[in-house]
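Participant: To convert, note that position 303 of the sequence shown is 303 in full-length UniProt numbering; the numbers rise steadily by one, no gaps.
No wet-lab data here; the hints were simulated from the structure. Be a bit skeptical, because a hint or two may be false.
Below are the EDC-like pairs computed for lysine to aspartate or glutamate, each with C-alpha atoms no more than 20 angstroms apart in a straight line [as the list claims (entries may be wrong)]:
| # | residue 1 | residue 2 |
| --- | --- | --- |
| 1 | K199 | E123 |
| 2 | K149 | D180 |
| 3 | K158 | D180 |
| 4 | K199 | E157 |
| 5 | K158 | D179 |
| 6 | K199 | D253 |
| 7 | K284 | E326 |
| 8 | K199 | E176 |
| 9 | K158 | E176 |
| 10 | K158 | D224 |
| 11 | K149 | D131 |
| 12 | K158 | D185 |
| 13 | K308 | E298 |
| 14 | K199 | D185 |
| 15 | K199 | E165 |
| 16 | K81 | E94 |
Label-pair ranges, simulated between beta-carbon atoms [said to hold, decoys possible]:
| # | residue 1 | residue 2 | range |
| --- | --- | --- | --- |
| 17 | E280 | R137 | 47 to 57 angstroms |
| 18 | D172 | H322 | 55 to 65 angstroms |
| 19 | I122 | D102 | 55 to 65 angstroms |
| 20 | P156 | P304 | 47 to 57 angstroms |
| 21 | A93 | D185 | 17 to 27 angstroms |
| 22 | H322 | D185 | 54 to 64 angstroms |
| 23 | L252 | T206 | 12 to 22 angstroms |
| 24 | D102 | R166 | 24 to 34 angstroms |
| 25 | E45 | G83 | 49 to 59 angstroms |
| 26 | A167 | E142 | 37 to 47 angstroms |
Every value quoted in this text rests on a predicted model; they were computed, and no experiment measured them. Virtual Cβ for every residue (Gly too), placed ideally from N, Cα, C.
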Amino acid sequence: MYARPLTGAFGRVFTEGIEQAVLHVIESIGNPAIKHHDWIELFRERGRQEFADGRSLDALQAAARIGARVAWQYVAPVLRKAGASPQVLAHAAEIIFAYVEDLSATALDGFHEAQSSSGGTIERRRRQLLDLILSGRPAGPETLANMSKGAGWALPEKAAIVALERAEGTADFPVELLDDEVLVDLESTQPCLLTTHPKRHLFPLTGRWNGWRAAVSPTVALADIPAAHRTARRALGLLSPDPGAEPITWCLDQLSALWLLGKDFLAAEVARQALRPLDELGGKQRERLGETLLAWLETRGGAPEIAKRLQVHPQTVRARMHQLRELFGDRLDDSEDRFSMHLALRAQRLAARGELP
1 MYARPLTGAF GRVFTEGIEQ AVLHVIESIG NPAIKHHDWI ELFRERGRQE
51 FADGRSLDAL QAAARIGARV AWQYVAPVLR KAGASPQVLA HAAEIIFAYV
101 EDLSATALDG FHEAQSSSGG TIERRRRQLL DLILSGRPAG PETLANMSKG
151 AGWALPEKAA IVALERAEGT ADFPVELLDD EVLVDLESTQ PCLLTTHPKR
201 HLFPLTGRWN GWRAAVSPTV ALADIPAAHR TARRALGLLS PDPGAEPITW
251 CLDQLSALWL LGKDFLAAEV ARQALRPLDE LGGKQRERLG ETLLAWLETR
301 GGAPEIAKRL QVHPQTVRAR MHQLRELFGD RLDDSEDRFS MHLALRAQRL
351 AARGELP
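All chains should be modelled from the sequences, with the hints used to inform the complete structure.
Facilitator: Next comes the structure, spelled out in C-alpha coordinates:
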(Lines of atoms letter the chains of each structure in order from A and count residues from 1; the text may use other names and numbers.)
(Lines give C-alpha, C1' and ligand atoms only; values in the text may rest on other atoms or scores of the structure.)
Protein backbone atom coordinates (compact mmCIF):
# COMPACT_ATOMS: atom_id res chain seq x y z
CA MET A 1 0.00 0.00 0.00
CA TYR A 2 0.96 3.63 -0.37
CA ALA A 3 2.87 4.38 2.82
CA ARG A 4 1.67 7.98 3.11
CA PRO A 5 -2.06 8.11 4.03
CA LEU A 6 -4.49 9.96 1.77
CA THR A 7 -5.19 12.51 4.48
CA GLY A 8 -3.84 15.93 5.39
CA ALA A 9 -2.24 18.28 2.88
CA PHE A 10 -0.75 15.53 0.75
CA GLY A 11 -4.00 13.54 0.60
CA ARG A 12 -6.01 16.61 -0.33
CA VAL A 13 -3.69 17.55 -3.20
CA PHE A 14 -3.48 13.97 -4.41
CA THR A 15 -7.24 13.36 -4.31
CA GLU A 16 -8.05 16.68 -5.95
CA GLY A 17 -5.55 15.88 -8.69
CA ILE A 18 -7.24 12.56 -9.40
CA GLU A 19 -10.68 14.18 -9.29
CA GLN A 20 -9.71 16.91 -11.74
CA ALA A 21 -8.00 14.39 -14.01
CA VAL A 22 -11.17 12.29 -14.09
CA LEU A 23 -13.30 15.31 -14.95
CA HIS A 24 -10.80 16.21 -17.62
CA VAL A 25 -10.88 12.79 -19.24
CA ILE A 26 -14.70 12.77 -19.19
CA GLU A 27 -14.77 16.16 -20.88
CA SER A 28 -12.26 14.98 -23.45
CA ILE A 29 -14.39 12.05 -24.61
CA GLY A 30 -15.39 12.90 -28.15
CA ASN A 31 -13.74 16.32 -27.92
CA PRO A 32 -10.19 16.16 -29.32
CA ALA A 33 -9.78 19.93 -28.97
CA ILE A 34 -9.29 19.68 -25.19
CA LYS A 35 -5.56 19.84 -24.37
CA HIS A 36 -3.76 17.21 -22.30
CA HIS A 37 -0.40 18.98 -22.02
CA ASP A 38 -1.08 20.70 -18.69
CA TRP A 39 -2.08 17.46 -17.00
CA ILE A 40 0.89 15.62 -18.43
CA GLU A 41 3.26 18.23 -17.02
CA LEU A 42 1.44 18.20 -13.66
CA PHE A 43 1.92 14.47 -13.21
CA ARG A 44 5.49 14.59 -14.48
CA GLU A 45 6.18 17.16 -11.76
CA ARG A 46 4.41 14.89 -9.25
CA GLY A 47 6.89 12.16 -10.15
CA ARG A 48 9.83 14.53 -9.70
CA GLN A 49 8.50 15.58 -6.31
CA GLU A 50 8.07 11.98 -5.16
CA PHE A 51 11.76 11.37 -5.82
CA ALA A 52 12.73 14.61 -4.06
CA ASP A 53 10.69 13.51 -1.03
CA GLY A 54 12.77 10.35 -0.81
CA ARG A 55 10.02 7.96 -1.82
CA SER A 56 10.62 4.81 -3.85
CA LEU A 57 9.49 3.85 -7.32
CA ASP A 58 7.35 1.10 -5.78
CA ALA A 59 5.52 3.70 -3.70
CA LEU A 60 4.75 5.77 -6.77
CA GLN A 61 3.44 2.75 -8.66
CA ALA A 62 1.27 1.84 -5.68
CA ALA A 63 -0.09 5.39 -5.69
CA ALA A 64 -0.97 4.99 -9.37
CA ARG A 65 -2.99 1.85 -8.63
CA ILE A 66 -4.86 3.67 -5.85
CA GLY A 67 -5.43 6.58 -8.21
CA ALA A 68 -7.06 4.32 -10.78
CA ARG A 69 -9.39 2.83 -8.16
CA VAL A 70 -10.28 6.29 -6.81
CA ALA A 71 -11.03 7.48 -10.34
CA TRP A 72 -13.39 4.61 -11.06
CA GLN A 73 -15.11 4.87 -7.67
CA TYR A 74 -15.78 8.52 -8.49
CA VAL A 75 -17.20 7.98 -11.97
CA ALA A 76 -19.08 4.67 -11.72
CA PRO A 77 -21.89 5.88 -9.39
CA VAL A 78 -22.46 8.95 -11.58
CA LEU A 79 -22.80 6.81 -14.71
CA ARG A 80 -25.07 4.29 -13.01
CA LYS A 81 -27.31 7.08 -11.72
CA ALA A 82 -27.52 8.42 -15.26
CA GLY A 83 -28.75 5.01 -16.44
CA ALA A 84 -25.64 3.98 -18.32
CA SER A 85 -25.72 0.48 -19.77
CA PRO A 86 -23.14 -2.17 -18.77
CA GLN A 87 -21.44 -1.67 -22.14
CA VAL A 88 -21.07 2.06 -21.48
CA LEU A 89 -19.77 1.37 -17.96
CA ALA A 90 -17.20 -1.05 -19.33
CA HIS A 91 -16.10 1.42 -22.01
CA ALA A 92 -15.83 4.24 -19.47
CA ALA A 93 -13.78 2.07 -17.13
CA GLU A 94 -11.45 1.17 -19.99
CA ILE A 95 -10.96 4.83 -20.90
CA ILE A 96 -10.40 5.94 -17.32
CA PHE A 97 -7.93 3.18 -16.46
CA ALA A 98 -6.03 3.76 -19.70
CA TYR A 99 -5.88 7.49 -19.02
CA VAL A 100 -4.74 7.03 -15.42
CA GLU A 101 -2.14 4.56 -16.68
CA ASP A 102 -0.84 7.20 -19.10
CA LEU A 103 -0.66 9.78 -16.33
CA SER A 104 1.10 7.27 -14.09
CA ALA A 105 3.64 6.55 -16.82
CA THR A 106 4.23 10.29 -17.10
CA ALA A 107 4.76 10.50 -13.33
CA LEU A 108 7.25 7.64 -13.58
CA ASP A 109 9.06 9.54 -16.33
CA GLY A 110 9.34 12.52 -13.99
CA PHE A 111 10.61 10.26 -11.22
CA HIS A 112 13.32 8.83 -13.50
CA GLU A 113 14.27 12.29 -14.78
CA ALA A 114 14.79 13.54 -11.22
CA GLN A 115 16.66 10.38 -10.32
CA SER A 116 19.05 10.75 -13.25
CA SER A 117 19.70 14.46 -12.73
CA SER A 118 20.33 14.07 -9.00
CA GLY A 119 22.89 11.26 -9.21
CA GLY A 120 25.74 13.54 -8.20
CA THR A 121 23.60 15.21 -5.53
CA ILE A 122 22.76 11.91 -3.85
CA GLU A 123 26.40 10.80 -3.86
CA ARG A 124 27.44 14.12 -2.37
CA ARG A 125 24.82 13.84 0.37
CA ARG A 126 25.91 10.28 1.18
CA ARG A 127 29.51 11.41 1.44
CA GLN A 128 28.52 14.34 3.69
CA LEU A 129 26.57 11.99 5.94
CA LEU A 130 29.52 9.60 6.19
CA ASP A 131 31.87 12.49 6.95
CA LEU A 132 29.60 13.65 9.77
CA ILE A 133 29.39 10.17 11.30
CA LEU A 134 33.17 9.71 11.08
CA SER A 135 33.90 13.14 12.54
CA GLY A 136 32.24 12.47 15.86
CA ARG A 137 30.85 16.01 15.85
CA PRO A 138 27.69 16.39 17.94
CA ALA A 139 24.59 15.98 15.79
CA GLY A 140 21.04 15.68 17.04
CA PRO A 141 18.76 12.82 16.00
CA GLU A 142 16.73 15.17 13.79
CA THR A 143 19.84 16.32 11.91
CA LEU A 144 20.99 12.76 11.30
CA ALA A 145 17.50 11.69 10.27
CA ASN A 146 17.17 14.54 7.76
CA MET A 147 20.63 13.95 6.30
CA SER A 148 20.05 10.22 5.98
CA LYS A 149 16.71 10.82 4.26
CA GLY A 150 18.31 13.23 1.83
CA ALA A 151 21.04 10.67 1.14
CA GLY A 152 18.57 7.85 0.56
CA TRP A 153 20.14 5.83 3.38
CA ALA A 154 18.17 4.19 6.19
CA LEU A 155 19.71 5.36 9.46
CA PRO A 156 20.65 2.30 11.58
CA GLU A 157 21.28 2.06 15.31
CA LYS A 158 24.58 0.24 14.77
CA ALA A 159 27.12 -0.18 11.98
CA ALA A 160 30.68 -1.25 11.26
CA ILE A 161 33.45 0.66 9.54
CA VAL A 162 35.67 -0.99 6.94
CA ALA A 163 39.05 0.70 6.68
CA LEU A 164 40.60 0.29 3.22
CA GLU A 165 44.19 0.38 2.01
CA ARG A 166 45.27 0.38 -1.61
CA ALA A 167 48.56 -1.14 -2.72
CA GLU A 168 50.56 0.96 -5.13
CA GLY A 169 49.73 0.34 -8.77
CA THR A 170 46.50 -1.57 -8.11
CA ALA A 171 43.20 -1.14 -9.93
CA ASP A 172 40.33 1.02 -8.73
CA PHE A 173 38.16 -0.36 -5.95
CA PRO A 174 35.24 -2.38 -7.43
CA VAL A 175 32.62 -0.12 -5.87
CA GLU A 176 30.01 -1.30 -8.36
CA LEU A 177 29.85 -4.60 -6.45
CA LEU A 178 28.64 -2.91 -3.27
CA ASP A 179 25.05 -2.69 -2.11
CA ASP A 180 23.35 0.73 -1.95
CA GLU A 181 23.14 0.25 1.82
CA VAL A 182 26.91 0.82 2.04
CA LEU A 183 28.23 4.38 2.43
CA VAL A 184 31.49 4.82 0.53
CA ASP A 185 34.49 7.14 0.76
CA LEU A 186 37.22 6.34 -1.74
CA GLU A 187 38.43 9.91 -2.21
CA SER A 188 40.03 10.75 1.14
CA THR A 189 43.47 9.72 2.38
CA GLN A 190 41.74 7.16 4.61
CA PRO A 191 39.23 5.40 2.34
CA CYS A 192 36.52 3.43 4.08
CA LEU A 193 33.05 1.91 3.93
CA LEU A 194 30.21 2.09 6.44
CA THR A 195 28.02 -0.99 6.55
CA THR A 196 25.34 -2.49 8.75
CA HIS A 197 26.03 -6.04 7.57
CA PRO A 198 29.77 -6.36 6.80
CA LYS A 199 29.83 -10.09 6.03
CA ARG A 200 26.89 -9.83 3.62
CA HIS A 201 28.01 -6.58 2.01
CA LEU A 202 31.64 -7.67 1.54
CA PHE A 203 30.78 -11.13 0.20
CA PRO A 204 30.42 -9.94 -3.45
CA LEU A 205 34.05 -8.75 -3.26
CA THR A 206 35.36 -12.29 -2.69
CA GLY A 207 38.29 -12.79 -5.03
CA ARG A 208 37.83 -9.28 -6.45
CA TRP A 209 39.87 -7.12 -4.08
CA ASN A 210 42.42 -6.28 -6.81
CA GLY A 211 45.27 -5.40 -4.45
CA TRP A 212 43.16 -3.68 -1.79
CA ARG A 213 43.24 -4.64 1.89
CA ALA A 214 40.47 -4.18 4.44
CA ALA A 215 40.05 -4.18 8.21
CA VAL A 216 36.53 -4.50 9.59
CA SER A 217 35.69 -2.94 12.95
CA PRO A 218 33.24 -4.47 15.42
CA THR A 219 29.63 -3.40 14.93
CA VAL A 220 29.01 -0.45 17.24
CA ALA A 221 26.57 2.41 17.86
CA LEU A 222 26.90 5.26 15.37
CA ALA A 223 28.31 7.51 18.10
CA ASP A 224 31.23 5.06 18.48
CA ILE A 225 32.06 4.88 14.78
CA PRO A 226 35.04 7.31 15.07
CA ALA A 227 36.68 5.03 17.67
CA ALA A 228 35.82 1.96 15.58
CA HIS A 229 37.45 3.64 12.57
CA ARG A 230 40.66 4.21 14.55
CA THR A 231 40.63 0.56 15.60
CA ALA A 232 40.22 -0.61 12.01
CA ARG A 233 43.01 1.72 10.86
CA ARG A 234 45.27 0.34 13.58
CA ALA A 235 44.49 -3.18 12.42
CA LEU A 236 45.52 -2.31 8.86
CA GLY A 237 48.87 -1.09 10.16
CA LEU A 238 49.56 -3.82 12.70
CA LEU A 239 48.04 -7.05 11.40
CA SER A 240 48.17 -9.00 8.17
CA PRO A 241 45.71 -11.62 6.92
CA ASP A 242 46.90 -15.18 6.53
CA PRO A 243 48.72 -15.84 3.23
CA GLY A 244 46.31 -17.03 0.57
CA ALA A 245 43.24 -15.82 2.47
CA GLU A 246 40.97 -12.94 1.56
CA PRO A 247 42.75 -9.64 2.37
CA ILE A 248 40.38 -8.85 5.25
CA THR A 249 41.26 -8.48 8.93
CA TRP A 250 38.27 -8.87 11.26
CA CYS A 251 39.05 -6.76 14.32
CA LEU A 252 36.63 -8.70 16.48
CA ASP A 253 38.87 -11.76 16.08
CA GLN A 254 42.02 -9.78 16.89
CA LEU A 255 41.07 -7.54 19.82
CA SER A 256 43.74 -8.87 22.19
CA ALA A 257 46.44 -8.55 19.53
CA LEU A 258 45.35 -5.00 18.77
CA TRP A 259 45.53 -4.11 22.44
CA LEU A 260 48.94 -5.73 22.83
CA LEU A 261 50.34 -3.96 19.78
CA GLY A 262 48.76 -0.63 20.59
CA LYS A 263 50.78 2.48 21.30
CA ASP A 264 48.99 3.32 24.51
CA PHE A 265 51.53 4.67 27.03
CA LEU A 266 50.22 2.67 29.99
CA ALA A 267 50.17 -0.60 28.05
CA ALA A 268 53.75 0.01 26.88
CA GLU A 269 54.86 0.86 30.43
CA VAL A 270 53.27 -2.31 31.81
CA ALA A 271 55.24 -4.32 29.25
CA ARG A 272 58.51 -2.57 30.13
CA GLN A 273 58.05 -3.13 33.84
CA ALA A 274 57.02 -6.76 33.39
CA LEU A 275 60.18 -7.70 31.45
CA ARG A 276 62.66 -5.32 33.07
CA PRO A 277 64.80 -8.21 34.52
CA LEU A 278 65.67 -9.20 30.93
CA ASP A 279 67.05 -5.75 30.09
CA GLU A 280 70.55 -6.61 31.35
CA LEU A 281 70.90 -9.49 28.89
CA GLY A 282 72.23 -9.47 25.34
CA GLY A 283 69.90 -9.71 22.38
CA LYS A 284 70.18 -13.44 21.67
CA GLN A 285 70.06 -14.49 25.31
CA ARG A 286 67.14 -12.19 25.98
CA GLU A 287 65.28 -13.68 23.00
CA ARG A 288 65.92 -17.29 24.11
CA LEU A 289 64.89 -16.69 27.71
CA GLY A 290 61.86 -14.71 26.57
CA GLU A 291 60.55 -17.52 24.35
CA THR A 292 61.16 -20.04 27.13
CA LEU A 293 59.29 -17.90 29.66
CA LEU A 294 56.37 -17.46 27.24
CA ALA A 295 56.20 -21.21 26.60
CA TRP A 296 56.17 -21.85 30.34
CA LEU A 297 53.46 -19.24 30.94
CA GLU A 298 51.28 -20.64 28.15
CA THR A 299 51.64 -24.29 29.13
CA ARG A 300 52.78 -24.28 32.78
CA GLY A 301 54.27 -27.62 31.76
CA GLY A 302 57.48 -29.37 32.69
CA ALA A 303 60.80 -29.28 30.87
CA PRO A 304 59.96 -32.12 28.40
CA GLU A 305 56.75 -30.43 27.22
CA ILE A 306 58.38 -27.02 26.86
CA ALA A 307 61.41 -28.56 25.13
CA LYS A 308 59.15 -30.24 22.57
CA ARG A 309 57.40 -26.96 21.90
CA LEU A 310 60.66 -25.05 21.48
CA GLN A 311 62.43 -27.95 19.73
CA VAL A 312 65.34 -27.96 22.17
CA HIS A 313 66.72 -30.47 24.69
CA PRO A 314 64.89 -30.70 28.05
CA GLN A 315 68.13 -29.97 29.86
CA THR A 316 68.38 -26.69 27.94
CA VAL A 317 64.92 -25.78 29.20
CA ARG A 318 65.89 -26.60 32.79
CA ALA A 319 68.96 -24.38 32.53
CA ARG A 320 66.94 -21.50 31.12
CA MET A 321 64.23 -21.84 33.78
CA HIS A 322 66.94 -21.73 36.43
CA GLN A 323 68.18 -18.43 34.95
CA LEU A 324 64.66 -17.07 34.82
CA ARG A 325 64.10 -17.98 38.45
CA GLU A 326 67.26 -16.08 39.38
CA LEU A 327 66.20 -13.05 37.35
CA PHE A 328 62.51 -12.84 38.31
CA GLY A 329 62.50 -14.55 41.71
CA ASP A 330 59.13 -14.70 43.43
CA ARG A 331 57.49 -12.74 40.63
CA LEU A 332 57.12 -16.03 38.76
CA ASP A 333 54.76 -17.14 41.55
CA ASP A 334 52.61 -13.99 41.49
CA SER A 335 49.54 -14.31 39.25
CA GLU A 336 49.36 -10.58 38.38
CA ASP A 337 53.06 -10.48 37.46
CA ARG A 338 52.67 -13.60 35.32
CA PHE A 339 49.71 -12.00 33.53
CA SER A 340 51.74 -8.86 32.73
CA MET A 341 54.69 -10.95 31.52
CA HIS A 342 52.39 -13.04 29.34
CA LEU A 343 50.85 -10.00 27.65
CA ALA A 344 54.23 -8.34 27.09
CA LEU A 345 55.80 -11.49 25.63
CA ARG A 346 52.85 -12.09 23.32
CA ALA A 347 53.26 -8.55 21.99
CA GLN A 348 56.94 -9.23 21.35
CA ARG A 349 56.09 -12.44 19.52
CA LEU A 350 53.62 -10.64 17.26
CA ALA A 351 56.26 -7.99 16.54
CA ALA A 352 58.85 -10.67 15.75
CA ARG A 353 56.49 -12.13 13.14
CA GLY A 354 56.63 -8.87 11.25
CA GLU A 355 53.12 -7.75 12.15
CA LEU A 356 54.23 -4.32 13.29
CA PRO A 357 54.39 -1.49 10.75
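Participant: For each hint, tell me whether it holds in the structure or not.
Facilitator: Here is what the structure says about each hint:
1. Our distance criterion of 20 angstroms between C-alpha atoms is broken by K199 and E123, whose separation comes to about 23 angstroms.
2. Among the hinted pairs, K149 with D180 is consistent with the structure: their alpha-carbon atoms are about 14 angstroms apart, no more than 20 angstroms.
3. In summary, the hint linking K158 to D180 is supported, as the alpha carbons are separated by about 17 angstroms, within the 20 angstroms threshold.
4. A threshold of 20 angstroms between alpha carbons decides the hint, and for K199 with E157 the separation of about 18 angstroms falls inside it, so the pair holds.
5. Between K158 and D179 the CA atoms are separated by roughly 17 angstroms; this keeps the pair inside 20 angstroms, and the hint holds.
6. The straight-line distance between the Cα atoms of K199 and D253 is roughly 14 angstroms, inside the 20 angstroms bound, and the hint therefore holds.
7. Of the pairs offered as hints, the one joining K284 and E326 holds, with about 18 angstroms between alpha carbons and a cut-off of 20 angstroms not exceeded.
8. Using a Cα cut-off of 20 angstroms, the hinted pair K199 and E176 holds, with the two alpha carbons roughly 17 angstroms apart.
9. Between K158 and E176 the alpha-carbon distance is near 24 angstroms, which puts this suggested pair outside the 20 angstroms criterion.
10. As the CA atoms of K158 and D224 are separated by approximately 9 angstroms, the hinted pair is consistent with the 20 angstroms bound.
11. In summary, the hint linking K149 to D131 is supported, as the alpha carbons are separated by about 15 angstroms, within the 20 angstroms threshold.
12. Of the pairs offered as hints, the one joining K158 and D185 holds, with about 18 angstroms between alpha carbons and a cut-off of 20 angstroms not exceeded.
13. About 14 angstroms separates the Cα atoms of K308 and E298, which keeps this hinted pair within 20 angstroms; it holds.
14. Between the alpha carbons of K199 and D185 the distance comes to roughly 19 angstroms, so the proposed pair stays at or under 20 angstroms and holds.
15. As the CA atoms of K199 and E165 are separated by approximately 18 angstroms, the hinted pair is consistent with the 20 angstroms bound.
16. Simply put, K81 and E94 have alpha-carbon atoms about 19 angstroms apart, close enough for the 20 angstroms limit, and the pair holds.
17. Separated by about 50 angstroms at the C-beta atoms, E280 and R137 satisfy the suggested range of 47 to 57 angstroms.
18. Restraint check, D172 to H322: a C-beta distance of roughly 60 angstroms satisfies the suggested window 55 to 65 angstroms.
19. Against the hinted window of 55 to 65 angstroms, the Cβ-Cβ separation of I122 and D102 comes to about 29 angstroms, which falls outside the hint.
20. In this structure the supplied range 47 to 57 angstroms holds for P156 paired with P304, their Cβ-Cβ distance being about 54 angstroms.
21. For the pair A93 and D185, the supplied restraint of 17 to 27 angstroms is violated, since their beta-carbon distance comes to about 53 angstroms.
22. For the hinted restraint 54 to 64 angstroms between H322 and D185, the CB-CB distance of approximately 57 angstroms keeps it satisfied.
23. Against the hinted window of 12 to 22 angstroms, the Cβ-Cβ separation of L252 and T206 comes to about 19 angstroms, which satisfies the hint.
24. Range check, D102 to R166: Cβ separation about 50 angstroms, and the 24 to 34 angstroms hint is violated.
25. Range check, E45 to G83: Cβ separation about 38 angstroms, and the 49 to 59 angstroms hint is violated.
26. In this structure the supplied range 37 to 47 angstroms holds for A167 paired with E142, their Cβ-Cβ distance being about 42 angstroms.
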